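As you go down the protein sequences, you meet chains Z and D in turn. At position 144 of the first sequence the residue is numbered 144 (this note's numbering), and the sequence of numbers has no breaks. At position 275 of the second sequence the residue is numbered 275 (this note's numbering), and the sequence of numbers has no breaks.
Read the hints as simulated data drawn from the structure, not as lab findings. Since the model is a prediction, treat every value here as computed from it, not as a measurement. You can trust all of the hints, since none of them are fake.
If you want the ones that stay clear, here's a sample from chain D, every Cβ over 12 angstroms from chain Z, calculated:
| id | residue |
| --- | --- |
| 1 | L254 |
| 2 | E261 |
| 3 | T275 |
| 4 | L298 |
| 5 | I300 |
| 6 | Y302 |
| 7 | E314 |
| 8 | P323 |
| 9 | E325 |
| 10 | P329 |
| 11 | L353 |
| 12 | D363 |
| 13 | L371 |
| 14 | P398 |
Listed below are several chain D residues computed to face chain Z (Cβ distance under 8 angstroms; list not exhaustive):
| id | residue |
| --- | --- |
| 15 | L96 |
| 16 | F120 |
| 17 | P185 |
| 18 | M432 |
Here's a subset of chain Z near chain D, in silico, CB distances under 8 angstroms, partners left out:
| id | residue |
| --- | --- |
| 19 | G53 |
| 20 | E57 |
| 21 | M82 |
| 22 | T83 |
| 23 | L89 |
| 24 | L93 |
| 25 | G302 |
| 26 | I309 |
| 27 | L318 |
No residue lacks a Cβ here, since even glycine has one placed at the ideal position from N, Cα and C.
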Amino acid sequence: MSLEFAVAAALFAGVLCYAVLGGADFGSGFHDLTAGGSRRGAPLRTLIDHSIGPVWEANHVWLIYVLVMWWTGFPKSFAATMTTLHVPLVLALVGIVLRGASFAFRKYSETLAQAKLFGIVFATSSVLAPFFLGTIAGSLASGRVPAAGNGDPWSSWLAPTPLFTGAISVGTCAFLAGVFLTADAARRGQDALAAELRIRSLIVGAVTGAVVFAALIPIERDAPTLWEGLMSRAAPVMALSALGGIATLVLLWRRRFGFARVTAVTAVAAVMAGWGLGQYPWVLVDQVTVHEGAGASATLQGLLVAVAIAALVVVPALGYLLYLTQSPQWNEAGVPAGRAAHWSRRIESGRRRP
Amino acid sequence: MDATQLLAQAADAVAAADPAGLMPARQQMALSLGWHIILACFGVAFPAIIFAMHLRGLLKKDPVSLDLAKRWGKVSAVLFAIGAVSGTVLSFEMGLLWPGLMGTYGDVLGLPFAFEGLAFFLEAIFLGIYLYGWGRMPPRLHLMMVVPMAITGIIGTYCVIAVNAWMNHPVGFDVIDGAITNIEPWAVLFNTHTFMQFAHMWVAAYMVAGFSIAAVYAAGMLKGRRDRHHRLGFMVPFAFATVAALAQPFVGHLLGEGLDERQPSKLAAFELAATTDEGASPLRIGGVLIDGEVKGALEIPYLGSMIALGSLTEPVPGLDQIPEEDHPPVNFTHLAFQAMIGLGLLLMGAVVLYWFLRWRKRDLLHNRWFLRFMATTGVLAVAAMEAGWIATEVGRQPWIVFGVMRTTEAAADHSAGLWGVYGASVLLYGAMTVGAAVVLRSMARRWREGAADLPSPYGPRSPLADAATVRECGDERDHAKEAAR
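Isolated chain D (complex conformation) (with noise of 0.2 angstroms):
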């Protein structure tokens, strides 16, 4: 039997298991999800930075710091607004797509849902109080309506991740002859397992927010703008991110420690283990499994167990070990989980240089290729965190609650139709995303060509957009002058 036959063969078997629908309404969630988790990180991470800034341009009494804040409010305003749209779509989602698990298991993990949408609740409100109310609220007592948006940011993470760690973890309930008793919703609220995945989403959200925002700062100071304006506004979130990135390894191991026990699919999987080793096992970079071999794999002896099990004669459980029905796609979940280890090294390796040779008294934003860097780490940013989020959702499969609900019990009885749905999701989200890359870029490009506020262009010219001798950011315009000279 040659390649192709067995090939068609596994496409049949797939056909056979898996409804029509089910695969659409995964790549619909997996789009969804993947498109509103990056501004779900604006959304929980950005009010601190913003904070951090306004907090600065009062206490030194910094024109520059509180434009900044300003403006990243108004940043934050376009981002929130598509965050929350794309955030209810989810909402819908969950019903439309997945009605299986929600008629169950609905009042199991429904809970923590309803505490992060009080706190998402309050985002909305302190939001909306804090971008009106500049110039119309006593400045302390302004500054002071960033905090809500702060930490509602972690109780709306922590509730989020709650019902994920339950999918991963399920706690709170039992069956019995098929019919589910015992529901004790506080324990998916208070799940121990919650809490390290939750860190690891939070300190997530502030890699990606603060990576992002320096490297929009760090490509303005490639194109040679120097001011003020431009290292304090790469500064304050590289700060940020720095902090985040130095934790986030420590943080994603801890939270991996027992994945062997909850889920050892998960682990063999992340670690391409086909067979169980004899005695340690090697750590597997790179590599595909072929036909039930590694192929193409760098193996450093040893090294696997250490890090998965924490031991140097215990070998990683294989999925030889597991039914091969509960086997999760393994190429996919290895690839994503070590591009997303990968990528948070080099995040945390260029921070680490930094700092390093700025003690050494050398500053690397005077470095090109240091800043070339930095402006993609953005990008690498929500690369890592999406990789992290493929790895653990894949690596669930074929389960939406491990060991209990099977993906296609779940899914809606949908045709294959419902492609279609998806190709129109497709064109719809990529039309909010060049919309508000469109609006963005030319709410910075104003702004650096001196408009102090943005008028909306079907609305009477705003007096202070006549007198074109107030201008933010004094600074730009000395830069501005000596780049017409």
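Here chain Z stands alone, though its shape is the one from the complex (with noise of 0.2 angstroms):
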């Protein structure tokens, strides 16, 4: 294994998190969006408030990681993509900035008119982001993005695959977000939640399934050496992703939530391992190999180094934090009434919660 692949999967391992991870938090957005007025959709936004406030932020540094890692482990393909899709890329980073700081106003908010204005924001933000990024990963998979840089700024991600790739992209994360907020729900014993969210996500599942296996149709076309890739190389994990998707929307049926989030994640993580499989070894499709576009061999030694430190420190705090998050104590709905005493006491007397 070669020094750059090395670093070029460590990279590609931090979009898949974040397709993963982050991608749940966005697709609660979707949720959001779609909960209905603010009586009805309450109880649906008072546990997305619960299942991502704490997560959100950490999830989102994935983002960061893999730029981090793109413009230092292949410098000169990160530039060719900036000045290339500064459109999408604007208008995503319009969306993350959106969603954070209005989640966060939300959750804080006074009173229903405030909290409906930022909560409009936070979900609208919540389903453009992902759109955006997707036609990025689109327009990269499909060979748009010249290696001088520069490349047109508007038919370099208006076009078929790109277009495709960002609405797999919303379906997605609303399928993963709509999996895990029907468990969590489910857990939290709030069973009207958990029926209305598990028929979302039967409904999302199956929509986002068949618009994937759609796109295969104009990428034959569109994107032939992604095409290519997908139907060799990468066919194993697309028929492993369409096994997921197929045994969650059974699970989902047969209201077994728990596992379904397993069989969710593994059909997103191989839709996207099957996208990073099926462009190797390209960096920017029949323009840059990995090869040809990875920077000084010290600095990518120096990445692994990083890598190794995260995945020795931060993996394991990551999941501490998730941890934490599915366990009874933090998922109680709240105090039960008539408790007049004042919440330091709990911490004094050095109880967890009675």
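Take the two lone chains, each set in its own frame, and fit them into one complex as the hints suggest.
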């Protein structure tokens, strides 16, 4: 395994983590947007607040990781992408900024009017950001970013493959979020909400699956290099993705929500891995390979050191956070009414929660 | 030739030299960096301040301290969220605005960013655990969740500053026949120049966060809220700010040592040295350079050379020793630099005065003028830090990597249409500022009114909020009763 391949693999692992973990957070915005009026949507929106509140910032850092690995490991292809795809990049960025800011603002809003305003901004930008990030992926994969950069700012992404990958991105995010939220609602004993989310997830999953396979039709002509990779090297993982998707729908149908999360993650991770394998060995398809685009060897070694430290330090910490969010102590709907004690008394006495 | 013709000619020369997209790109970077750096200060310093308050609460079993720590945690959640997204803007802008820099030197300067990313990762993870861990984890373990945040603040600052230090003092590569070779990424991370610059920024972060938080409680005391809650809320961050404000002038001075060797053009601009003096240079306070002549400066003989060079005889090397195309914008750099120093010394003077009088058994917290001044110190500390960044960044021009790459070479091929994006960014950042202010103020008001937690308005009403008898910070309630009487 060459040095530049190892760095590319570490970079792509970041893309995968961002797609799964960050994707689920973005997808919550889709469900928030479609949750209905403020009275009807209140339980779902409260659940979304509770579910993504502790984790979204940590999950968001995968994006920073990807950008840094990219510009340090493969600087010229990074510059070429930035000078070509600046329109979707700026739009995705606006979505990311508005999503994060308005989510935090909504959580502490005083009035319903404020919460509605921030909520609409949060939900809309949560749908737009993954769409534009998806078009960027599709543009890279269909060979629309020239090696020298400064490609056409519009035709480079307003094309069949990028638009399909944008839509797939929105769909997979909403699918993941739906499955996760269903399981969260069930674990918290909110059965009516879990039932509603189950239906939502089934619909979103079926539609997204259909879009993924419909996208294969234009990809054959629009992105021949990617198509070739998908049909050969990446075929097993694409099949795995299809299996994962179907298994998720079956599990949701049979109300096995915990297991459904595993298969849903498998399905989405496999789609992403399919893209990565499909376009290997290109960083910019038909333009720059992993080998050609790599930066200095000393820097690549340094990056692998950083990745090793991340694996040793960040991954366990992230696992601890995700474990806590799933633990019973973190999942009570609220303190039972009638307990008129100052909360700090619980801390003084050193007990958890009675 | 009159002045207007001169100006027109100068404008033409600028237009010919700079692509239309350069100035909006620089303004865009200045806006997003200048906005983010304030929040980054809170990200670096706030965890340690919260830790001190939380620790005090646990050790002394003091509910007021615990309440303050919990509230500050919630405030930091809002600040950290907008800090995270505005930091992401910078990551994108490195490529969108400066592809020439990133494409050419990405693998030289990138490694510190990778470590900064790890630090930020850990900070985000432990912030999530700390915020949502109140009442859900064993108390001591919960407190320990703040420690990684304070440490990653140090590492993250160091790594980001390493990149900026590299732009001022590039190391770790050779340029041979236009090709960049012999790249040593670790040399960038452990650049000797980094440490002092890091120390300067790290201390500045504690000044910004410490004074800003203290200012909030000073303003509260001015409104007559003289409870323990306000006094504690003022003193703990003020203690951090005190140490930082006392250290900062010395750290800054040490950072400036050797600047005549590293970046003589920046030093000349700082000191407003148009020409090289014969003998020791005076310290020129204020003033501007017009047509190569210093106007309106208050000159103190010898002091310029003494401070900048530690010499009573050597002059500060003037701009006359530097080719004209390498001159930075002198006046802007000079005034920003001195604004930073003036504000820094003012803040240092204020803390010295407070502690001196306290040692003499006089508490300035009962003096309305002192409280009025303290209520502005947050803004002053932010202004000092921004002025410092303007001084060092504008003073580095026209280089993006000093002596190696000009800013024009790094900029993307954008047209003047980039001004439109800049205008939209001003609106976006303005909206985020307003949003944060509205939400934070409403949080403070609801806390004052006795809300124990802050339920989202569309959510089910929290049983805690219904139990009107349960309040945080009982001393505030007593005070409210008194006020009602």
